[in-house]
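Turn these sequences into a full structure, and let the hints guide you.
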Amino acid sequence: MTCEQFRQILPEISELVPSSEQDEHLQSCDECSSLFSDLNFLTREAAFLQVDEEPSPRVWNSIEIVLREERLIREPKPAPAPAVSFWNWRPARVLLSAAAVVALAFGVALHQRNTAQRQVAVSNTPDPGPAIVTAPKRLAAALPVAPEDQQLLDAVGSRSPAMRAAYEANLEDVNAYIRDAEASAQQDPNDEDAQQYLMDAYQQRNVVYEMALDRSLP
Amino acid sequence: MQSRQRAAKLVLVVMVAGATLAAGEVRKEFRYTVGHHASVSIVNQYGPISVKPAPGLQVIVTAILASDKVEVDASQNGDRVDVVSHLLPDANEDNARVEYQVQVPVDASVSLHSSTGVLHAERLRGDVTLEGPSASVDVHDITDAHVHVKTMNGPVTLVNIRQGHVEIASVSGEVNLRQVSGSFVQVNSTSGKINYDGDFGGAGRYLLTSHTGDIEAIAPSYASIEVVARSEKGTVENDFPLQPEHTSFVVKAGSAFAGTVGKAASSVKLFSFSGKIHLKKR
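Chains as they are written, first to last, in the numbering used here: chain A, 1 to 218; chain B, 1 to 282.
Calculated from the structure, these hints are not laboratory results. Treat the hints loosely; a few may be bogus.
Taking lysine to aspartate or glutamate and the EDC-like style, the derived pairs with C-alpha atoms no more than 16 Å apart in a straight line are [claimed, not checked]:
hint, chain 1, residue 1, chain 2, residue 2
1, B, 281, B, 232
2, B, 233, A, 38
3, B, 193, A, 182
4, B, 281, B, 174
5, B, 269, B, 245
6, B, 252, A, 191
7, B, 193, B, 174
8, B, 233, A, 24
9, B, 69, B, 99
10, B, 69, B, 94
11, B, 280, B, 167
12, B, 28, B, 99
13, B, 269, A, 182
14, B, 52, B, 174
15, B, 233, B, 245
16, B, 269, A, 191
17, B, 193, B, 216
18, B, 269, B, 232
Chain A residues, not near chain B, derived (Cβ > 10 Å throughout) [as the list claims (entries may be wrong)]:
hint, residue
19, 147
20, 157
21, 211
Positions of the beta carbon are idealized from the N, C-alpha and C atoms, including for glycine.
See the structure below:
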């Protein structure tokens, strides 16, 4: 068995247990033996990736992209004649790509585990107090600011920066009022009280705009 | 004897000078003669405005300016008087503060605008309009007049408003109404709490609405009302025995109640999306 023949069948060696002929070549060829050892090592280490350390589907997608870029995943084509250069040697590229992929998967899994551990540590820290709880609650409920609202806030901010936060908070509350009122009105279009409620909500928005745009006041 | 009189005069002069002004303050007074149902408008960015009635047909405006960074522009056009605090370069909330004390004929219409000051009006019979983003509003003893209030987060207090037409819009300020009655009383709030303590009299329409603020209404046992209370996600409580009446919506226990008390002379609607509503019996 020649080196070329050995390397061609290397990816197909089942469970990395060489046949006698393959083993005989490995005994005589340092280069092929080294390659086989590396592949053995990578395969062994990859097995230690636990179920709970399995990377997310995004990782596998990334791997697929890498493999496609390396043309290791493609539609069946007649294989070109292998070139003499080592880097054009398909099995070598397979090994190197596999090594890169496994290393990538390892790194991602390790990162994810560390991130999960940090999140557990954060959730276990005592509640610092209502002041901090209140702010994230408002941020979590905030929706993207409408363009006209942004213009209003910019106008208030340029004229009276100290008031901007108050206007922003009130505008956010009023928009939530409108959303809830619209939902109620749509739920029962015949409910006159719900229609009145919706008008009241828009009136509140008008109040904010009036206060902000009244040029006689900051 | 003479030395005592001199000493007394000296003390009086010192007291008046000390009570009048702090260093840098300037006091100005404007007087205008107007006809009946005059219109008076005060616009003041920083500082309180207080309006009271005066005998006769005179408008008297007393302004105490904190510094020379602000000036008062006052003018009269017929029965319309306009007073504006004019901020000069380098003015800020402290040095541009003006305190207004205004006396007007009892039937004059008054309009007060301020950003952060206290807006106060009392014992008037003309329409009163009070507006300001963070202004505190305090109105009492108004009879047979319209009262309009708009604030963003300033608290509002109305006391003893009779035969009134009241419209209050405050986004997040707390609204307190005591002995407020009339043909129409409306309070619209987003997150502010609404407190009403009165008799819902005057055969009027009372509409208290909030998005997330609580609504607490206290009325006497002899109140004569047709009441509807609804809270989409909050709770409702009622201390009155209600005569049931037909409604256009489904009355869910704990989220709504509707009915009449006595002869149902006035209509009362209490709406809050997620606040708590409580109709209490005094």
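Evaluated hints:
1. About 23 Å separates the Cα atoms of residue 281 of chain B and residue 232 of chain B, which puts this hinted pair outside 16 Å; it is violated.
2. Restraint check for residue 233 of chain B and residue 38 of chain A: not satisfied, since their Cα atoms lie roughly 65 Å apart, outside the 16 Å limit.
3. Proposed proximity of residue 193 of chain B and residue 182 of chain A is contradicted: the alpha carbons are some 22 Å apart, above 16 Å.
4. For a cut-off of 16 Å, the pair hint linking residue 281 of chain B to residue 174 of chain B is broken: about 21 Å separates their Cα positions.
5. About 14 Å separates the Cα atoms of residue 269 of chain B and residue 245 of chain B, which keeps this hinted pair within 16 Å; it holds.
6. For a cut-off of 16 Å, the pair hint linking residue 252 of chain B to residue 191 of chain A stands: about 15 Å separates their Cα positions.
7. Taken as a hint, the residue 193 of chain B and residue 174 of chain B pair is honoured in the structure, with Cα atoms around 5 Å apart against an allowance of 16 Å.
8. Simply put, residue 233 of chain B and residue 24 of chain A have alpha-carbon atoms about 80 Å apart, too far for the 16 Å limit, and the pair is violated.
9. Our distance criterion of 16 Å between C-alpha atoms is met by residue 69 of chain B and residue 99 of chain B, whose separation comes to about 14 Å.
10. With a C-alpha separation of about 10 Å, the suggested pairing of residue 69 of chain B with residue 94 of chain B holds against the 16 Å cut-off.
11. Distance restraint check for residue 280 of chain B and residue 167 of chain B: the Cα-Cα separation of roughly 23 Å exceeds the 16 Å cut-off, and the hinted pair is therefore not satisfied.
12. The straight-line distance between the Cα atoms of residue 28 of chain B and residue 99 of chain B is roughly 10 Å, inside the 16 Å bound, and the hint therefore holds.
13. A threshold of 16 Å between alpha carbons decides the hint, and for residue 269 of chain B with residue 182 of chain A the separation of about 19 Å lies outside it, so the pair is violated.
14. Taking the CA atoms of residue 52 of chain B and residue 174 of chain B, the gap is near 24 Å; set against the 16 Å cutoff, the hint is violated.
15. In summary, the hint linking residue 233 of chain B to residue 245 of chain B is not supported, as the alpha carbons are separated by about 23 Å, beyond the 16 Å threshold.
16. As the CA atoms of residue 269 of chain B and residue 191 of chain A are separated by approximately 14 Å, the hinted pair is consistent with the 16 Å bound.
17. Proximity of residue 193 of chain B to residue 216 of chain B is assessed by CA-CA distance (about 8 Å); at most 16 Å being required, the pair is judged to hold.
18. In summary, the hint linking residue 269 of chain B to residue 232 of chain B is supported, as the alpha carbons are separated by about 14 Å, within the 16 Å threshold.
19. Every C-beta of chain B lies more than 10 Å from that of residue 147 of chain A, the closest at about 21 Å, which supports listing it as non-interface.
20. Once the 10 Å rule is applied to beta carbons, residue 157 of chain A is consistent with being away from chain B; the minimum gap is 14 Å.
21. With a minimum CB-CB distance of about 4 Å to chain B, residue 211 of chain A fails to clear the 10 Å threshold, and the non-interface call is violated.
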